[in-house]
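The primary structure of each chain is shown beneath.
2 protein chains.
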Amino acid sequence: MRRALLGAVLMSLALTVAAAPDTDQLRQQAKALFEPIPEEPPKLDGNPRNPAKVELGKMLYFEPRLSGSQTISCNSCHRLNMGGDDGNETSPGHQFQKGPRNSPTVLNAVFNTAQFWDGRAEDLTDQAGGPLQNPIEMASSPERVVRTLESIPEYRQRFAAAFSDDDEPVSFANTRKAIAAYESTLLTPNAPFDRFLAGDDDALSAKQKEGLQLFMGKGCRGCHSGVNLGGNNYQPFGVVEKPGAEVLPRDDKGRFKVTKSASDEYVFKVPSLRNVELTRPYFHSGKVWSLSQAVAIMGESQLGQDLSDAEVDKMVAFLESLTGEQPQVTLPTLPPSTDDTPHPSFGDAGDGKVGH
Amino acid sequence: MRRALLGAVLMSLALTVAAAPDTDQLRQQAKALFEPIPEEPPKLDGNPRNPAKVELGKMLYFEPRLSGSQTISCNSCHRLNMGGDDGNETSPGHQFQKGPRNSPTVLNAVFNTAQFWDGRAEDLTDQAGGPLQNPIEMASSPERVVRTLESIPEYRQRFAAAFSDDDEPVSFANTRKAIAAYESTLLTPNAPFDRFLAGDDDALSAKQKEGLQLFMGKGCRGCHSGVNLGGNNYQPFGVVEKPGAEVLPRDDKGRFKVTKSASDEYVFKVPSLRNVELTRPYFHSGKVWSLSQAVAIMGESQLGQDLSDAEVDKMVAFLESLTGEQPQVTLPTLPPSTDDTPHPSFGDAGDGKVGH
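Quick mapping for you: the protein sequence lines, in order, are chains A and B. The number in our numbering is simply the position in the first sequence, starting from 1, with 191 added. The number in our numbering is simply the position in the second sequence, starting from 1, with 191 added.
Extracted from the complex, chain A is given alone in its bound form:
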């Protein structure tokens, strides 16, 4: 009896081993498609990093006084301790108004081809100016941002140090540059998948290796490749079959709004899959709360495949191997307001007046 049981166990182990992909071959295939997150951030065009600029950018990233109500900062919707987003379907901004799209993660965003779901900002510097001025997000204005920062002596000093060649260091353009410089440092290296790519056979479980093989074999890698497993190309949501309006709301035509080209209807930037287990809910609509369900929907809509539960399960296990080391962030102590600092404004966006 016990011998029979042992035999069965050994047989099932043998089967598991037989089913597992050849690890070296798998790694070679993967290395041709994906790259690990580097330890050091890449250079930024026209925005060289220096320590003073990065530190200033960090302060501004956490600075709620950049918003009209003085309660919303970049970190409100892109929380650095929660996978770089906020876990909401779409984020409540000024007066709890909600935008149409899910907040994308800021982590590793520097590697994306462009920013926003529709790619309308060419880089992080361009992106940073958007939410600040959006009446349903931070509801401020360039003039108000500059007046706020100018009113606080420590910020004047820090802008002068960070932008020492500028005649007018405190500006909206430099605010965006400093924030982008900081954001570009927010990387999550050493994910199990990256350790596997680097040669560590044991960094992935057998199940995760099978998931990786499925991820490549089923065609997911067609859009989700490169260092971010995504973020580097645009695709229609529904290559094969459009998902229902609950997942793909028909009034958001995506990149069409940017290019006005009919072929860009319902086209979106393919999101990065880095740290995807931390960034529910999923898709630009934020309508799908389970990673398993998201994988199944992708199979149907993009690949025309009805993935089995076991296949989905393995791919989810693989996706969990994309969670890297999260940034360890010490909160910057922010300097106090002065009598010249504009008061919070809860009325119209960016009215440029001292509120209250």
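Calculated from the structure, these hints are not laboratory results. Watch out, some of these pointers could steer you wrong.
It does not matter which identical chain is used: a pair holds within one copy or between any two.
DMTMM-like mimics (lysine to aspartate or glutamate), calculated; alpha carbons at most 25 Å apart, straight line [as the list claims (entries may be wrong)]:
#	residue 1	residue 2
1	K451	E432
2	K433	D500
3	K222	E432
4	K289	E313
5	K222	D391
6	K409	E491
7	K398	D530
8	K451	D392
9	K398	E345
10	K289	D530
11	K398	D531
12	K433	E491
Assemble the complex: chain A is given as a structure, and chain B must be docked to it using the hints.
Showing chain B alone in chain A's frame:
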């Protein structure tokens, strides 16, 4: 001409020296009234600290999923990098609704006699349950909080480690205890004033010493004494003369609501003056934005004195010496939600249902 100028400068220096109070005497007077912020937090009745509990409390302090909308945490209104409050008149909470009173600072709050402006919570543990359930603040419920925490394996483990004697470690009571345990560690020691108390003559400028002398001599110390220079007694706002309704709204009768005693109308807990330069706007109404103006109003309403601009100026300089070392906080990395975690709820407060 130059010699005459030099003479004038020397004479004015001599006058400054003559006007300065005797430093040793000043210190002795101050030490009889005030105490420095200690390096170590005091013990909590019925809630002994341990490292696991404090770390858990820190995570919960920064945990927006404790709120109905999953966007508001303790730190939203009590920002540890902004003097322990949020710089708003009153804080926008769930759906940007605003309460009637200014958010008090959490820093050094453990030394206060009681919590809230009206003292209705006896300690930090009691306080922590309030905003979580308030429909215009975090808009959650004990049941929802527990269900959220139970759904996340890392929280289950951390509660078990922090409350190892409990049969049911994940509870609303323990959530409050853990948050309070963390909050009790948020001290700001080594303010210039504390270094002066400890014997450092140069920790205060001559102007700050004059301000301290005025602070004691004019009677401010009658209410603002002890380790927190306040926080340890209740007083009517308007001992001598009630300020106008703009500063003291007549519909908020303060501690009267707690005790129902007529003598408690417009009585409030005297706020701590620790880090007061970081916590504008001022008073329970949050209606006064300038510290100078706040000091002048106190002179009139509480002391019946019309303080000169020079006196106000010196006292403000003294108050700035109460800014201690701010806590250096590394953001806790929060564990991801699971399929069992309630979704954000934007409807009624604490409905206990999975939202959305």
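How the hints compare with the structure:
1. K451 with E432: Cα proximity of K451 and E432: one copy only (22 Å, versus 66 Å across).
2. K433 with D500: Close inside one copy (21 Å), not across copies (71 Å); limit 25 Å.
3. K222 with E432: neither (30 Å within a copy, 77 Å between copies)
4. K289 with E313: Only inside one copy: K289 and E313 sit 24 Å apart there, 38 Å across copies, limit 25 Å.
5. K222 with D391: Answer is within: at 13 Å inside a copy they meet the 25 Å cutoff, but 63 Å across does not.
6. K409 with E491: within (11 Å within a copy, 77 Å between copies)
7. K398 with D530: Between copies, since 20 Å is at most 25 Å while 60 Å is not.
8. K451 with D392: Answer is neither; intra-copy 47 Å and inter-copy 71 Å both fail.
9. K398 with E345: Only across copies: K398 and E345 sit 22 Å apart there, 53 Å inside one copy, limit 25 Å.
10. K289 with D530: between (32 Å within a copy, 23 Å between copies)
11. K398 with D531: Only across copies: K398 and D531 sit 23 Å apart there, 60 Å inside one copy, limit 25 Å.
12. K433 with E491: within (9 Å within a copy, 70 Å between copies)
Consistency note: the structure conflicts with the earlier hints numbered 3 and 8.
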